[in-house]
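So the chains spell out like this:
There are 2 protein chains.
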Amino acid sequence: MKDEAKSRKTELREHLKMSILTLRLRPGDDLDEAHLSDEFGLSRTPLREVFRQLAGEGYLDLRKNRSARVSEMSYTTLRDFFLAAPMVYGAILRLAAVNATNVQISDLKAAQHAFKAALHSGSAEDRALANNRFHDVTGEMSGNVYLLPSFNRLLIDHARIGMTFYRPQTVEMSENLSLASQQHDAIIAAIEARDEVEAAKLAEDHWNLSRDQIGMFVMPDALDVPMGIPPLSKPA
Amino acid sequence: MKDEAKSRKTELREHLKMSILTLRLRPGDDLDEAHLSDEFGLSRTPLREVFRQLAGEGYLDLRKNRSARVSEMSYTTLRDFFLAAPMVYGAILRLAAVNATNVQISDLKAAQHAFKAALHSGSAEDRALANNRFHDVTGEMSGNVYLLPSFNRLLIDHARIGMTFYRPQTVEMSENLSLASQQHDAIIAAIEARDEVEAAKLAEDHWNLSRDQIGMFVMPDALDVPMGIPPLSKPA
DNA sequence: CGAGATTTTTTTGTATACAAGTTGTATTTT
DNA sequence: AAAATACAACTTGTATACAAAAAAATCTCG
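In order, the protein sequences belong to chains A and B. The numbers in the numbering used here rise by one with no breaks, and the one at position 80 of the first sequence is 80. The numbers in the numbering used here rise by one with no breaks, and the one at position 106 of the second sequence is 106.
By construction, these hints were calculated from the structure, which means they are not laboratory data. Incorrect hints may appear among the rest.
Said to hold, decoys possible - Simulated crosslink set (DSBU-like; lysine-lysine; CA at most 30 Å straight-line):
id, chain 1, residue 1, chain 2, residue 2
1, A, K17, A, K109
2, B, K116, A, K9
3, A, K17, B, K17
4, B, K109, B, K64
5, A, K9, A, K64
6, A, K9, B, K17
7, A, K64, B, K64
8, A, K116, A, K64
9, B, K64, B, K9
10, A, K201, B, K201
11, B, K64, B, K201
12, A, K64, A, K17
13, B, K116, B, K17
14, A, K9, B, K64
15, A, K201, A, K64
16, A, K64, B, K9
17, A, K116, A, K17
18, A, K17, B, K64
19, B, K201, B, K109
20, B, K116, B, K64
21, A, K17, B, K9
22, B, K17, A, K64
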């Protein structure tokens, strides 16, 4: 009917998501109910419902009788992240190649277009959000309700890790970013060709690139030891 | 402090979960706020918060201005289920073998003990809940926050599918149930031996058994996407 | 001063009243 | 009799008031 104002609740939810993904709200930050309440013109009741929902999606942690907090990221979770991401994302892309509709493929191309624009002229936040949107669309394409909860949880920290580590400070890191963009193009092509095997392989490549980029950031220079994760020796 | 009455909210949440897992509340059933509200002596505010949380975990679906519903299960979701379950559960068990603490191993043995008891003298509901508890412990053991959301979502429908299809009406189905119990024992042994490869293999066997039990449906082959990092060897 | 207890203040949790939306039914109109 | 409309009953959404818990500040006594 009339969504001119789009429901304050939705507005709040989107605002919080965006703030968390871009690290404007950092892991561990407290959220003040009263403050947000009058900032968004909502009473505490619907606001707390938004908190619950975001907690369910992995954006927030709720503790009894204590304020809601932005969910934490530790080095343990970083390891868990790269353990789970290639597998889940491989499965998602594989299913995406099988199930994607034409409309969704258009959405994906649009997302990639925006990502490229952000690469050239955008801020780190813009890049992270555009990249997030790209992967989000691949999740929609897969359409598997059992994989999406983990996938969406991964995307949250993918964006946050990206904000931390994907600030191109060297020429090599910049090259990695444009390589990521090329991989996106390849992913679109694989999906359009309904090539599920290729799509799954590209997912793996894409995560290896991410891992390298982070390794580069964490390990300043000569130390050529990958962080805690042994080199992959496995069939393509 | 005093949890003698365990908080009505928790009580409600556990009651709803149990009812949904055992199909006492069936997929698509409407939940009446007013009715539950006075049945559990809670006002609608905390009750609605429980709804949000359960929706986030996949037990319920919420629609704007309409009553909360028990999440649906369609033939599509059944297919998606068997596509995702072996992969996710394989990863969970593999990580469980690496990370399980001694306390958790004791918990798992206790859960298996209860499962065996339910097999011999329990109802279908008891079996489903005991089996759910067993798998739930394996999830705790894995300790990977990125895999758990999907795993827990799978466990919900695992229990519901079990309630539907695992009613031993023939000798063969009964034999399958006791085979499932044997597999549980083997899983415990693999975890105790820290044998991640064996654990992952057992996960696959376990799901193949489930798939066979539901032989009347055409089940797709499982996704065979390997986990990113081959041999895990890390401290607890 | 300073550790610990006590009070004040602030924040979170719950109940309830009311507003807005939805559904079902009866009545009107054709 | 069927379709459309209006109205009534009911359900969901939000605001607000109050209760309970935690945090902060103050006071007490060594």
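Hint numbers contradicted by this structure | 2, 4, 8, 11, 15 and 20
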